[in-house]
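Residue numbers (my numbering), protein chains in the order written: chain A, 215 to 333; chain Y, 215 to 333.
I should point out that these hints are in silico values taken from the structure, not numbers from a laboratory. Any given hint could turn out to be false.
Intra- or inter-copy, both count: the list cannot distinguish identical chains.
Derived DSS-like pairs (lysine-lysine); straight-line CA-CA distance at most 25 Å [what the hints assert, rightly or not]:
(1) Lys-250 with Lys-298
(2) Lys-293 with Lys-226
(3) Lys-217 with Lys-293
(4) Lys-217 with Lys-306
(5) Lys-250 with Lys-306
(6) Lys-217 with Lys-273
(7) Lys-298 with Lys-279
(8) Lys-250 with Lys-217
(9) Lys-279 with Lys-217
(10) Lys-217 with Lys-298
(11) Lys-250 with Lys-226
(12) Lys-250 with Lys-279
There are 2 protein chains.
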Amino acid sequence: MSKINLRDKLAKFSDHWSPKVIAEMNDYQFKLVKIKGDFVWHNHADTDEAFIVIEGEMKIEFEDKTVELGEGEMYVVPKGIEHKPYAEEECKVMIIEPRGVVNTGNTEGELTASNDEWV
Amino acid sequence: MSKINLRDKLAKFSDHWSPKVIAEMNDYQFKLVKIKGDFVWHNHADTDEAFIVIEGEMKIEFEDKTVELGEGEMYVVPKGIEHKPYAEEECKVMIIEPRGVVNTGNTEGELTASNDEWV
Numbered sequence: 215m216s217k218i219n220l221r222d223k224l225a226k227f228s229d230h231w232s233p234k235v236i237a238e239m240n241d242y243q244f245k246l247v248k249i250k251g252d253f254v255w256h257n258h259a260d261t262d263e264a265f266i267v268i269e270g271e272m273k274i275e276f277e278d279k280t281v282e283l284g285e286g287e288m289y290v291v292p293k294g295i296e297h298k299p300y301a302e303e304e305c306k307v308m309i310i311e312p313r314g315v316v317n318t319g320n321t322e323g324e325l326t327a328s329n330d331e332w333v
Numbered sequence: 215m216s217k218i219n220l221r222d223k224l225a226k227f228s229d230h231w232s233p234k235v236i237a238e239m240n241d242y243q244f245k246l247v248k249i250k251g252d253f254v255w256h257n258h259a260d261t262d263e264a265f266i267v268i269e270g271e272m273k274i275e276f277e278d279k280t281v282e283l284g285e286g287e288m289y290v291v292p293k294g295i296e297h298k299p300y301a302e303e304e305c306k307v308m309i310i311e312p313r314g315v316v317n318t319g320n321t322e323g324e325l326t327a328s329n330d331e332w333v
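Chain A extracted, bound-state conformation:
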């Protein structure tokens, strides 16, 4: 493999809420995603999910709190916990989770992205 430059990879797509795989480690994937506006409430029954903000600001709403993340901040959403990502302005995020995780978890719908799309 070659080294991966996060900003170069981010320059290769512009759609929102559609994670792109940039690397794999064992059976885990590193994905980049641009988010803007409201996502859907969902959970991932079988896995935790890590978010690292590369640029911009986002929120993750939970049933009992809201976490605000800026550049260089991260959060691990525990498996099974309902959450809803949100960004007022476009935010660029790295997600790390096992291969095969669907972005909308248990809530399939309009925002469900095709999986394993590389950039």
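Place chain Y on chain A using the hints.
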């Protein structure tokens, strides 16, 4: 859990080659490490290992090539592959790998750090 600010965590330690755990995702750990100078040749027989440069520049030497990484660049070292990290000046790095991985892999020695040390 609370959100994790990478720069705040990096400000909490100054030793080199001694990874500090900042978060867990399933049975994986996110670690921060400050590196400077030469590490030892080693490999991890059972797992890939992901490096993301947060600040500074580092090299990863392999038997057949050298990869240079700057801020915002990442590389996944495949399992079983001999490698030697190096940084001329201090470099701040995030490592992602399964819980329990020893920093020096198969090459125990002076630079072997105690494991599962949180910051």
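For Lys-217 and Lys-306, with the copy left unspecified, which applies at a CA distance of at most 25 Å: within, between, both, or neither?
both (19 Å within a copy, 17 Å between copies)
Is it within a copy, between copies, both, or neither that the alpha carbon of Lys-293 lies no farther than 25 Å from that of Lys-226?
So Lys-293 and Lys-226 fail the 25 Å test inside a copy (30 Å) and across (29 Å) alike.
Is it within, between, both, or neither for Lys-250 and Lys-217, if the alpha carbons may be no more than 25 Å apart?
between (28 Å within a copy, 20 Å between copies)
How would you classify Lys-250 and Lys-306 at a CA-CA limit of 25 Å: within, between, both, or neither?
Classified as within: same-chain Cα gap 9 Å, cross-chain 30 Å, threshold 25 Å.
Classify it for me, Lys-250 with Lys-226: is the Cα-Cα distance of at most 25 Å met within a copy, between copies, both or neither?
within (17 Å within a copy, 33 Å between copies)
For the identical chains here, do Lys-217 and Lys-273 meet the 25 Å Cα criterion within one copy, between copies, both, or neither?
between (30 Å within a copy, 11 Å between copies)
Is it within, between, both, or neither for Lys-279 and Lys-217, if the alpha carbons may be no more than 25 Å apart?
between (37 Å within a copy, 12 Å between copies)
Within, between, both or neither, where Lys-250 and Lys-279 count as close if Cα-Cα is 25 Å or less
within (20 Å within a copy, 40 Å between copies)
Go through the copies and call it for Lys-250 and Lys-298: within, between, both or neither, with a Cα cutoff of 25 Å.
Answer is within; shortest intra-copy Cα gap is 12 Å, inter-copy 40 Å.
For the identical chains here, do Lys-298 and Lys-279 meet the 25 Å Cα criterion within one copy, between copies, both, or neither?
within (11 Å within a copy, 43 Å between copies)
Is the C-alpha distance from Lys-217 to Lys-293 at most 25 Å within one copy, between copies, in both cases, or in neither?
between (30 Å within a copy, 16 Å between copies)
At most 25 Å between C-alpha atoms: does Lys-217 with Lys-298 qualify within a copy, between copies, both, or neither?
between (32 Å within a copy, 15 Å between copies)
Checked against the numbered hints listed earlier, the structure breaks hint 2 alone; every other hint is satisfied.
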